[in-house]
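Number of protein chains: 2
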Amino acid sequence: MIEIERKFLVNNNTFKEQAFKSVKIVQGFLSTNPERTVRIRLKDDVGTMTVKGKSSGDGLSRFEWEKEISKPDALDLLELCEDVKIDKTRYLVKVENHTFEIDVFNLDNEGLIIAEVELNSENEDFPRPEWLGKEVTGDIKYYNSQLSKQPFNIWNN
Amino acid sequence: MIEIERKFLVNNNTFKEQAFKSVKIVQGFLSTNPERTVRIRLKDDVGTMTVKGKSSGDGLSRFEWEKEISKPDALDLLELCEDVKIDKTRYLVKVENHTFEIDVFNLDNEGLIIAEVELNSENEDFPRPEWLGKEVTGDIKYYNSQLSKQPFNIWNN
Chain Y
1 MIEIERKFLV NNNTFKEQAF KSVKIVQGFL STNPERTVRI RLKDDVGTMT
51 VKGKSSGDGL SRFEWEKEIS KPDALDLLEL CEDVKIDKTR YLVKVENHTF
101 EIDVFNLDNE GLIIAEVELN SENEDFPRPE WLGKEVTGDI KYYNSQLSKQ
151 PFNIWNN
Chain U
1 MIEIERKFLV NNNTFKEQAF KSVKIVQGFL STNPERTVRI RLKDDVGTMT
51 VKGKSSGDGL SRFEWEKEIS KPDALDLLEL CEDVKIDKTR YLVKVENHTF
101 EIDVFNLDNE GLIIAEVELN SENEDFPRPE WLGKEVTGDI KYYNSQLSKQ
151 PFNIWNN
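Chain order of the listed sequences is Y and U.
So the first sequence is numbered by this note's numbering: it starts at 1 and just counts up by one.
So the second sequence is numbered by this note's numbering: it starts at 1 and just counts up by one.
Isolated chain Y, as found in the complex:
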């Protein structure tokens, strides 16, 4: 499957009042190579393993393969992952006919908030709520795989 998504910084916390759901996510990486990342995720009690390929030139689309795994398997595999785990709360906000996923990062990435919207085509139009900030689509330093090695709290902000 090829995934098309655009990624943005978030200006303020007003999105939280509009959220219809929130979920706790812990994830780690067996490979952080941007050509072939391998992610282990526990989303509440549901485990997944996800492989992503490298982005297209414009950073918009990316090969993605995902399979559900059991919680005990996810915990075993998280143990094996590279050092810094990603710990975040994901809020889901529906704006018109699009759902934004907004990740509020904890621990080493505290202070970082990123919104993503998935699109059906690269040209698809989508709403711009007032809390939506600067676009960072395709900027590798905002990949979760990179945030697990170079977390936000060591950036020179």
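Honestly, the hints are just simulated from the structure, not real lab data.
Any given hint could turn out to be false.
No copy labels: a pair is met if it fits in one copy or bridges any two.
Distance condition first, Cα-Cα at most 30 Å in a straight line; then the derived DSS-like pairs of lysine-lysine [said to hold, decoys possible]: (1) K85 / K54; (2) K71 / K134; (3) K71 / K7; (4) K54 / K67; (5) K134 / K21; (6) K94 / K134; (7) K54 / K141; (8) K24 / K67; (9) K43 / K16; (10) K54 / K43; (11) K7 / K149; (12) K7 / K54; (13) K71 / K43.
Could you slot chain U onto chain Y? The hints should help.
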């Protein structure tokens, strides 16, 4: 699961007459880091994804997690793997109550033949057929993940 196995070079081809089965294997790696290898394998028409941790100090036991995946998924993921694919024929030979897996490598690893036997405990006794050569258990250069980066045909033999 923790896997205990011992690995040997093979002296000659007489094991082939004793084999009760042979199977064609193509595999690649999403991660070749010995701390957490991620292998994609197609064994005849059956796909698997396997994660292995690093070996114990003596090289005998190693964390292993495996899941079956579809053939189309395996082919997609093999596309994404690091450069050199492993292509080999595996022969199964039963000697007394142990089954040896003997891999005859093709392509970039042509000339290399490795036998493996799986054990229930690190002290378990097992038969030594006359074709069984030098033990190479725990020698990282014989890991398939390493053979996919440093294949046998570029070693200084």
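Hint by hint, here is what the structure shows:
no. : hint       : verdict
1   : K85 / K54  : both (21 Å within a copy, 19 Å between copies)
2   : K71 / K134 : neither (36 Å within a copy, 41 Å between copies)
3   : K71 / K7   : within (28 Å within a copy, 32 Å between copies)
4   : K54 / K67  : both (19 Å within a copy, 24 Å between copies)
5   : K134 / K21 : within (24 Å within a copy, 60 Å between copies)
6   : K94 / K134 : within (19 Å within a copy, 64 Å between copies)
7   : K54 / K141 : both (14 Å within a copy, 28 Å between copies)
8   : K24 / K67  : both (19 Å within a copy, 25 Å between copies)
9   : K43 / K16  : within (19 Å within a copy, 49 Å between copies)
10  : K54 / K43  : both (24 Å within a copy, 26 Å between copies)
11  : K7 / K149  : within (19 Å within a copy, 35 Å between copies)
12  : K7 / K54   : within (16 Å within a copy, 35 Å between copies)
13  : K71 / K43  : both (9 Å within a copy, 27 Å between copies)
Hint 2 alone, counting from the list given before, is not met by this structure.
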